[in-house]
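When we follow full-length UniProt numbering, the leftmost residue of the sequence shown carries the number 1, and every step to the right adds one.
The hints are simulated quantities; they were obtained by calculation from the structure and are not laboratory data.
Be a bit skeptical, because a hint or two may be false.
Derived lysine-lysine pairs resembling DSSO-like cross-links, with alpha carbons at most 30 Å apart [stated by the list, open to error]:
| no. | residue 1 | residue 2 |
| --- | --- | --- |
| 1 | K186 | K218 |
| 2 | K218 | K196 |
| 3 | K159 | K186 |
| 4 | K113 | K49 |
| 5 | K159 | K196 |
| 6 | K151 | K113 |
| 7 | K49 | K66 |
| 8 | K113 | K196 |
| 9 | K270 | K251 |
| 10 | K251 | K218 |
| 11 | K186 | K196 |
| 12 | K49 | K62 |
| 13 | K218 | K151 |
| 14 | K186 | K251 |
| 15 | K196 | K275 |
| 16 | K151 | K196 |
| 17 | K66 | K42 |
| 18 | K42 | K113 |
| 19 | K66 | K159 |
| 20 | K251 | K275 |
| 21 | K218 | K275 |
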Amino acid sequence: MSLSSNDSVDTPETASVLRVGKVTGSHMFKIMGGASIFVVLKSKEKHVKAQISFIMLNQNRKPLSKRKTQLQIFSASNQNHGIGSINFVKRSNFESVLEDDCLMVCCTVSVVKDFPVELDFPLLVPPPLALQQLSHLLETGYGADVTFQVKGETFNAHKCILAMRSQVFQAQFFGQLKEKSGTVIKIEDMEAHVFKSLLHFIYSETIPEFQEINESEKIHLAQHLLVAADRYDLNRLKVICENILYGSIDKSNVVALFSFADMHNCVHLKRACLKSLASPEILEEVVATKKLKVAP
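Start from the sequences, fold in the hints, and give me the full structure.
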């Protein structure tokens, strides 16, 4: 920035102060004849945020009057006329303090810098609080109001949470069948580890077992979980299991998977099996092993 005035002459006295987020510089000027003073942006920056103060000094360089602007933006649009005061001080107020017919003024410019805040990315996003709380309820059994007995193992759960996630459970606990459903429910046609995974998904939307077992065990669990998901109308779990089975399709199991998908209304898995069977090589081998009969 530079200061514009009528016939201004710089004095050698300057002062600068560095503060956090702000740079301040002060300069002394002798103004002969006029009492108008402006600060004009001469930087290549398009916008500069600054605060300006003008102080008139006496012969002993003690302040007599002061004007201070509000914090404002200097930009290319106002660099021609600058920011300042047309009538900084009346002639009658400074005639007595003139030194060599000159007016002594101190101009202080404080430029505010906006320092960017640096963050480490990516940030670790915690899981939704609701899922954390639900998982905690399942683990502790706090407030449980229904017990499932599955192949010799016992699982405590909450009717409201099960009903919220599954229309089948909703009908069982709060529909017309509620009178027949007690606080202890026996399930004979499902393995205990499968029901445990089913409950875990209902409360947390995750299936950690898939990360802990090998590929063949993962496919086996996916088949049984898909059956459970179809039974309790858990569509998202059903799609997850369907995707796992889709990745396992080959000539050795394509017929069995097609039959399985048809039984449990897995439309996308059926289409994938049919697409595989459309391959001449796979179809030929399937027919050769008598896994698929072709009508004459």
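Here is how each hint holds up against the structure:
Between K186 and K218, the direct Cα distance comes to roughly 26 Å. Compliance with the 30 Å bound is thereby established for this hinted pair. A hinted pair counts as satisfied when its Cα atoms are at most 30 Å apart, and K218 with K196 qualifies at roughly 15 Å. For the proposed pair K159 and K186, the alpha carbon gap of about 15 Å is at most 30 Å, so the pair holds. Distance restraint check for K113 and K49: the Cα-Cα separation of roughly 8 Å lies within the 30 Å cut-off, and the hinted pair is therefore satisfied.
With a C-alpha separation of about 16 Å, the suggested pairing of K159 with K196 holds against the 30 Å cut-off. With a CA separation close to 70 Å, the supplied pair K151 and K113 exceeds the 30 Å bound. Of the supplied pair hints, the one linking K49 and K66 holds, its CA atoms being roughly 21 Å apart against a limit of 30 Å. The hinted pair formed by K113 and K196 fails the criterion: a straight-line CA distance of about 58 Å is larger than 30 Å.
Restraint check for K270 and K251: satisfied, since their Cα atoms lie roughly 14 Å apart, inside the 30 Å limit. In summary, the hint linking K251 to K218 is supported, as the alpha carbons are separated by about 19 Å, within the 30 Å threshold. With a C-alpha separation of about 14 Å, the suggested pair K186 and K196 falls inside the 30 Å cut-off, and the hint holds. Of the supplied pair hints, the one linking K49 and K62 holds, its CA atoms being roughly 28 Å apart against a limit of 30 Å.
For the hint linking K218 to K151, the alpha-carbon distance of about 21 Å falls within 30 Å, and the restraint holds. Of the supplied pair hints, the one linking K186 and K251 is violated, its CA atoms being roughly 39 Å apart against a limit of 30 Å. About 34 Å separates the Cα atoms of K196 and K275, which puts this hinted pair outside 30 Å; it is violated. About 11 Å separates the Cα atoms of K151 and K196, which keeps this hinted pair within 30 Å; it holds.
The suggested pairing of K66 with K42 holds, with an alpha-carbon distance near 24 Å, which does not exceed 30 Å. For the suggested pair K42 and K113, the alpha carbons sit about 17 Å apart, so the restraint of at most 30 Å is met. Taking the CA atoms of K66 and K159, the gap is about 75 Å. The hint is violated against a cut of 30 Å. A C-alpha spacing of about 12 Å is found between K251 and K275, which places the hinted pair at or below 30 Å, so the restraint holds.
For a cut-off of 30 Å, the pair hint linking K218 to K275 stands: about 23 Å separates their Cα positions.
Violated hints for the displayed structure, listed by number in ascending order: 6, 8, 14, 15, 19.
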